[in-house]
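*Asks:* Here's the letter readout for the chains.
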Amino acid sequence: MNSYFLSDTNALLGRSLRHILRSPDTIITTAITPIVMLLMFVYVFGGAIDSGGVRYVNYLLPGILLITVASGVAYTALRLFTDVSGGIFERFQSMPIARSAVLWGHVLTSLIANLISLVLVVLVALAIGFRSGAGILAWLGVLGILVLFTLALTWLAVIPGLTAKSPDSAGAFAYPLLFLPFVSSAFVPTDGMPGPVSWFAEHQPVTSIVDTVRHLYAEQPVGSDLWIALAWCVGLLVVAWALAVRTYHRKLA
Amino acid sequence: MKSYGDLEVLRGVDFDVAPGSIFALLGSNGAGKTTVVKILSTLLRADGGTAVVNGFDVVTQATNVRESISLTGQFAAVDEILTGRENLVLIAKLRHLDEPGRIADDQLARFSLTDAGGRRVATYSGGMRRRLDIAMSLIGSPPVVFLDEPTTGLDPQARLEVWQSVRELARGGTTVLLATQYLDEAEQLAERIAILHEGRILVNGTLAELRALMPPAKVEYVEKQPSLEDVFLALVGRRAGAEAAPTDTAAAPVATDK
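If you're matching them up, the sequences are chains A and B in order.
Whatever position you read off the first sequence (first residue = 1), add 25 for my numbering.
Whatever position you read off the second sequence (first residue = 1), add 911 for my numbering.
Since the hints were derived computationally from the structure, they do not count as laboratory data.
Given the structure is predicted, the values throughout are model-derived calculations rather than measurements.
Possibly wrong hints are sitting among the right ones.
Listed below are the simulated SDA-like cross-link pairs for lysine to any residue, each with C-alpha atoms no more than 20 Å apart in a straight line [said to hold, decoys possible]: (1) 190/A <-> 985/B; (2) 276/A <-> 110/A; (3) 276/A <-> 213/A; (4) 276/A <-> 140/A; (5) 276/A <-> 958/B; (6) 276/A <-> 1119/B; (7) 1129/B <-> 1118/B; (8) 276/A <-> 986/B; (9) 276/A <-> 1118/B; (10) 190/A <-> 110/A; (11) 276/A <-> 971/B; (12) 276/A <-> 162/A; (13) 276/A <-> 1145/B; (14) 276/A <-> 1135/B; (15) 1135/B <-> 1145/B; (16) 276/A <-> 957/B; (17) 276/A <-> 974/B; (18) 276/A <-> 173/A; (19) 190/A <-> 123/A; (20) 276/A <-> 1129/B; (21) 276/A <-> 109/A; (22) 276/A <-> 1106/B; (23) 276/A <-> 1122/B; (24) 190/A <-> 986/B; (25) 1129/B <-> 1145/B.
Chain B is faced by these chain A residues, among others (derived, beta-carbon under 10 Å) [to be verified]: (26) 35; (27) 36; (28) 40; (29) 125; (30) 149; (31) 153; (32) 156; (33) 240.
No residue lacks a Cβ here, since even glycine has one placed at the ideal position from N, Cα and C.
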């Protein structure tokens, strides 16, 4: 890391933010799928799901927020892939800049773009009846967890962005991420699932994150879920970051 | 030396480039030109041997090398979504120069792109893109410039413009390493030419020296026909230049302000 890290990251962040500003469809597309799912589940399936006395939209929103992030980070992989295949990546690498700034510019852009999508989804949820009495601290807690989750998935997205051979395969890594919430407590309580499925659902990251966010919104104590969720997010973040940086250095060698 | 797995790409590459001169690395596709350029511009690490650019070792003093060079790759490495001016400002910022806006405007003027500066690069023609690409490379006036097949895919007009700017560069004291597969390009521009074949430099010398390698010239009488290029440029050249000037795909030679 050299002394230009901040100014270089800033210049490259400005560049990718312009990309987003000029193709706002990426933010809208990111938000649209989760919004449609939100509407479908609330108005079509929701009536048949027993969410334990909680209004279903309140039950559902945390999972939908994670799906939003999972679909949003695919664009990071795509933008990075475009840079690598278009040659501008090499141009940056041959310049006297802080090399990690090239990745950080994309990662911070992903964070900002995903936060905007998340705000859109929450607004729609509010419009269809989501209510929370959560105080500012609980909202900040939700924000913090979502930021960690976004950073973790974004660093994961950096890997296919650097290594993919086609734009399709750059974005494809996100599909499994999109399915994880389905096998979790995001849509339906896990108790109704058959043994092994229920065990998987209980022990994968999405359930603890969803439960934590749900408790924060419902003004309930978060208990041990918070620590498990944080451990998953931070652990995933560290592993994804380390792998991404390693991939990056390999690419440069 | 450079190999990918068992595939040896470069085996015997040894050359010096005099400061302020144009040196052509001539070879067909797959000869290893791009690999040489990538090693010299710190994008690839050689498996053996040493390379020094502007007095700095490419491995141990990579940062100094990057401060000394600029790379214009095979494909115009420009940001399509940004405008031409924004591309230039970005590079000026990444080179940590003061007044990036003024530098960008100067480069736009120098490469006859002022009118197009506010448009997104996605709307540019191939020639304009390449001019912008070279304009970006020259920001901060690096003493050494690598050009990897700078005229591939360009029409004859745009090609002549690029040649013109390369000559201007060398006149201004920049050292240019030109990797090309076009014989006439090397012949037109370079003071010295090295022929790279299958990862090895076969010969290295001035055009006259290379010519001397062949049997002495014999006199033949050949009817002097205009080349297709002569015809093409006579028909299209001036007219396209006159018409296109307002829309800025001009044939006007770049860098005429020096």
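*Asks:* Measure nothing beyond the straight line between the CA atoms of residue 276/A and residue 986/B; if it is 20 Å or shorter, mark the hint as holding.
*Replies:* Holds. Residue 276/A to residue 986/B sits at ~19 Å (cutoff 20 Å).
*Asks:* May I ask you to test the interface hint for residue 156/A with respect to chain B, counting a Cβ-Cβ separation under 10 Å as satisfied?
*Replies:* violated, 40 Å
*Asks:* What's the verdict on residue 276/A and residue 1135/B, does the C-alpha distance respect the 20 Å limit or exceed it?
*Replies:* Violated. Residue 276/A to residue 1135/B sits at ~52 Å, over the 20 Å cutoff.
*Asks:* Does residue 971/B sit within 20 Å of residue 276/A, going by the straight-line distance between their CA atoms?
*Replies:* Holds, at about 18 Å.
*Asks:* Is the Cα-Cα distance between residue 276/A and residue 974/B 20 Å or less?
*Replies:* holds, 17 Å
*Asks:* Hinted pair, alpha-carbon criterion (20 Å max): residue 276/A, residue 173/A. Please report holds or violated.
*Replies:* Measuring from Cα to Cα gives roughly 26 Å; hence the hint is violated.
*Asks:* Between residue 276/A and residue 162/A, does the CA-CA distance stay at or below 20 Å?
*Replies:* Not OK: residue 276/A and residue 162/A at ~42 Å, beyond 20 Å, violated.
*Asks:* So if I understand the rule, the pair passes when the alpha-carbon distance is 20 Å or less; does residue 276/A with residue 1119/B pass?
*Replies:* Between residue 276/A and residue 1119/B the Cα gap is close to 41 Å, so the pair fails against 20 Å, i.e. violated.
*Asks:* For the pair supplied as a hint, residue 276/A and residue 1145/B, confirm whether the alpha-carbon distance does not exceed 20 Å.
*Replies:* Between residue 276/A and residue 1145/B the Cα gap is close to 47 Å, so the pair fails against 20 Å, i.e. violated.
*Asks:* Tell me if the straight-line CA distance from residue 276/A to residue 213/A falls inside 20 Å.
*Replies:* violated, 42 Å
*Asks:* Measure nothing beyond the straight line between the CA atoms of residue 190/A and residue 110/A; if it is 20 Å or shorter, mark the hint as holding.
*Replies:* holds, 9 Å
*Asks:* With a cut-off of 10 Å on the beta carbons, see whether residue 35/A makes it to chain B.
*Replies:* holds, 8 Å
In summary, the numbered hints that this structure violates are 3, 4, 6, 9, 12, 13, 14, 18, 19, 20, 22, 23, 25, 29, 30, 31, 32 and 33.
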